[in-house]
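2 protein chains.
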Amino acid sequence: MTAAPDLLKRLRTALPDGSILTDPDVTASYAHDMASFCEAGAPAVVVLPRTVEEVQHVMRTATELRVPVVPQGARTGLSGAANASDGCIVLSLVKMDRILEINPVDRIAVVEPGVINAVLSRAVGEQGLYYPPDPSSWEMCTIGGNIGTASGGLCCVKYGVTAEYVLGLDVVLADGRLLKTGRRTAKGVAGYDLTRLFVGSEGSLGIVVRAVLALKPQPPQQLVLAAEFASTAAACDAVCRIMEGGHVPSLLELMDRTTVRAVNDMAQMGLPETTEALLLAAFDTPDPAADLAAVGALCTAAGATEVVPAEDHAESELLLQARRLSLTALEAIKGSSMIDDVCVPRSQLGALLEGTARIAEKYSLTIGVCAHAGDGNTHPTVCFDAQDPDESRRARESFDEIMALGLELGGTITGEHGVGVLKKEWLAREIGPVGVELQRGIKQTFDPLGILNPGKLF
Amino acid sequence: MTAAPDLLKRLRTALPDGSILTDPDVTASYAHDMASFCEAGAPAVVVLPRTVEEVQHVMRTATELRVPVVPQGARTGLSGAANASDGCIVLSLVKMDRILEINPVDRIAVVEPGVINAVLSRAVGEQGLYYPPDPSSWEMCTIGGNIGTASGGLCCVKYGVTAEYVLGLDVVLADGRLLKTGRRTAKGVAGYDLTRLFVGSEGSLGIVVRAVLALKPQPPQQLVLAAEFASTAAACDAVCRIMEGGHVPSLLELMDRTTVRAVNDMAQMGLPETTEALLLAAFDTPDPAADLAAVGALCTAAGATEVVPAEDHAESELLLQARRLSLTALEAIKGSSMIDDVCVPRSQLGALLEGTARIAEKYSLTIGVCAHAGDGNTHPTVCFDAQDPDESRRARESFDEIMALGLELGGTITGEHGVGVLKKEWLAREIGPVGVELQRGIKQTFDPLGILNPGKLF
Ligand SMILES: Cc1cc2nc3c(=O)[nH]c(=O)nc-3n(C[C@H](O)[C@H](O)[C@H](O)COP(=O)(O)OP(=O)(O)OC[C@H]3O[C@@H](n4cnc5c(N)ncnc54)[C@H](O)[C@@H]3O)c2cc1C
Ligand SMILES: Cc1cc2nc3c(=O)[nH]c(=O)nc-3n(C[C@H](O)[C@H](O)[C@H](O)COP(=O)(O)OP(=O)(O)OC[C@H]3O[C@@H](n4cnc5c(N)ncnc54)[C@H](O)[C@@H]3O)c2cc1C
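These protein sequences, in sequence, are chains A and B. One point on numbering: in our numbering, the residue at position 60 of the first sequence is 60, and numbering is uninterrupted. One point on numbering: in our numbering, the residue at position 339 of the second sequence is 339, and numbering is uninterrupted.
Everything labelled a hint here was simulated from the structure, so no lab data went into it. What you were told as hints is all true, and nothing was included just to trick you.
Which copy is meant is left open, so a pair is good if it fits within one copy or across any two.
No farther apart than 27 Å at their CA atoms in a straight line, the calculated lysine-lysine pairs in the BS3-like style are these: (1) LYS180 x LYS424; (2) LYS424 x LYS443; (3) LYS216 x LYS158; (4) LYS443 x LYS180; (5) LYS180 x LYS216; (6) LYS362 x LYS334.
Next comes chain A alone, as it looks inside the complex (with noise of 0.2 Å):
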């Protein structure tokens, strides 16, 4: 799709030559994330702007001409819902990437919405801080991707969500003006929480330019421990007895049989692939062995067949490894996959298991499974051959079952992922017609003209 003349006129009236592009070839390549079964349409002109006043100069256009615009950050959503749709302005927010502060008294850094995650936590890293939401792609995602989907990872279970770190924003809204959210400061409650409404808006109500975040001191070096179990169902009871327990892991994660063996075959990781579920526990307290020890414990009440503690931090850091490759080595089984995110109250963790496995076989197809255990936040995955008609309809069917799984055993059908287009429609069976209607509110206010990211969410 090519932009129409006026559109590229008038961007380039605030706009260097290079922060364009418009070769479709080029245009093309922004035209989705790595969500499976997620249409995308073909990008007019995709932007890569700089400054604000030129995000503001690229909305205030879009305004005017009544074209849509897909903010953008490394496009590594697995919802579709950085995908282009037909004639839009790509807003790619990847070049406007520094850190602007850290700050160790207050405990805030500031950043524009292109920094990597990984590299923000190195860099506060280095002043004995740290940014804990830690997404298994955090070498590749960027803080404004973060936002937008309100991202999780590994830590969570101890540290929390994205959302729990944004503490202010500046926000380019739908017809070019600035808004300021939030503040700086540790508390504040003025007036309704409009930070926290972008986070996991999924671009749908303004462009991220900048974020105040929280940070934490840095914690210890955390130490890992591995149990394996002779079935998911004993994993899932040593997660709840860890919680009920009182312990505070600061990652508490289960791979099953599927996915250890297809880190292993990626990796050669030398995982234990006799196992049914794998659990990795760890503590970053001051005396981690002993945490270790007790947990180890509660494992092998639960019928572990083995405990592992980890050595060192080295060998700490490669079961980390293992367990962050899970989602790609799955997709590697069959070429595709559809990462589904369902999350539970970890009660339920059993259940679901259970529930994923029996559908798995109802419809003959692998179905491997990673989890953030201790969140109850599962990431069961289809493994596909995108090739084979009737497996993509089989896949895609089991996927859908299992959201309802998980609705029907209290959960949600994201936990971290986001709606995007993959999941729209759950998105209302899960939220109910009164807070769709809501939504929908929301959306109105903030973006009359329906410009920013369509499609996406409703």
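With chain A's structure known, arrange chain B with the ligands on it following the hints.
Chain B with the ligands alone, transformed into the frame defined by chain A:
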């Protein structure tokens, strides 16, 4: 003000007799919360529902007859947010006070809005769990009120504010429909975060009738240290050093000399009266004595004249009690007080206190300060004689000047007490015209007739 006969007749069709109060002497006692200088009207009727259906009936009736509704908890608020307007229905939720569920595996509690904060805290404590938000009014205030104001407390420096513990809500909307927001799960990102929008909305968007709250495991009992300083500047310097040093106190509070003396006068606490500022720090870590030693050394380095760790839990509790008495004791000095709630980046705490002292001098007033120092959240409390019109005027002016100073220092006009009627104009000043416009749009979406707690916030 007496209610229109039609209103009473309609209310009575679905509410038991005892739940409707119409005696003007009685209804007048529901007119206002604990804030000074806030207009309050005369309610037409006070309703005390016991069920969700009764609340729905009230709201449907109010919508049909276009009668304003003012939700109330325990009316301990400090901004007039629960004040009646003329002819309104006061909807007091205090009879809906059941704890419906406490779940140690999922670490959640499900409660009705009228549950008293301390009652919940004790109930979960019995199961080894912890509900952190602890406003000093905790023995009186309700969870519904805490959600309405997004209240804070002493624990926030480590555990955060009420907002971080509200996972899901049942809300009766202005027209009587029931909305369910959020979740029972640890994580969830399905759509805009309506749950968070209600937290701190001061009863202006809907009536909270049920809440799912996150719990933590109960930490070890905290141990408190008291440090005396010859100036508030030195005490603030100590606060910065402690936070910059990467410590995570479970409490970091400041009382200035006026506050210390007021507390001694009221309760003979034996606090050190010669000191200019008393800093209380606490840790609930495995080895609190070691942490207190480290923090004590930082206090000494910042110029503390005396550093006294509590001997045991009883002594710690006594110090906390002294801190919790501060606002009440300051009010007693001259019979009336205006309690400000300015929060600044903690690096600006010294500047705020210095400026507050200057303002007190300029207006010849006694302004005592207690503060959640670790959060930069101060309560400069103007003590005045309400019978003295000139002093009252000066009190009001100094109060505003402190807010202006807070904004200048990059802070907010309210860290935890909210806007209510007290700070309406100041809210507009803080969030600006674009912010006000969007907030009004949200209000319009939820309450198109404007019957919910009118005259508050904007
Ligand atoms: C291998 C792999 C592992 C992953 N692991 C995790 C995980 O552990 N936890 C997790 O939560 N997710 C995970 N993800 C998903 C993904 O990485 C996250 O959703 C991430 O937050 C997306 O960031 P991004 O920069 O790629 O954003 P994009 O995908 O480009 O965009 C995401 C959304 O944010 C919007 N957006 C982006 N920037 C802005 C802005 N400046 N203003 C307004 N809106 C904006 C977009 O419109 C879109 O709706 C994983 C993905 C992969 C591929
Ligand atoms: C001595 C003293 C010490 C205090 N210390 C602190 C402190 O440390 N930290 C702090 O944050 N505050 C403190 N406060 C202020 C006050 O206690 C808090 O704001 C508290 O949250 C109010 O609770 P409440 O039940 O009294 O609510 P109310 O004052 O009755 O109502 C507060 C607001 O919530 C709304 N509301 C109440 N219930 C509902 C409901 N079910 N649905 C919708 N809206 C509702 C009301 O309309 C109103 O806008 C203190 C007050 C006093 C008197």
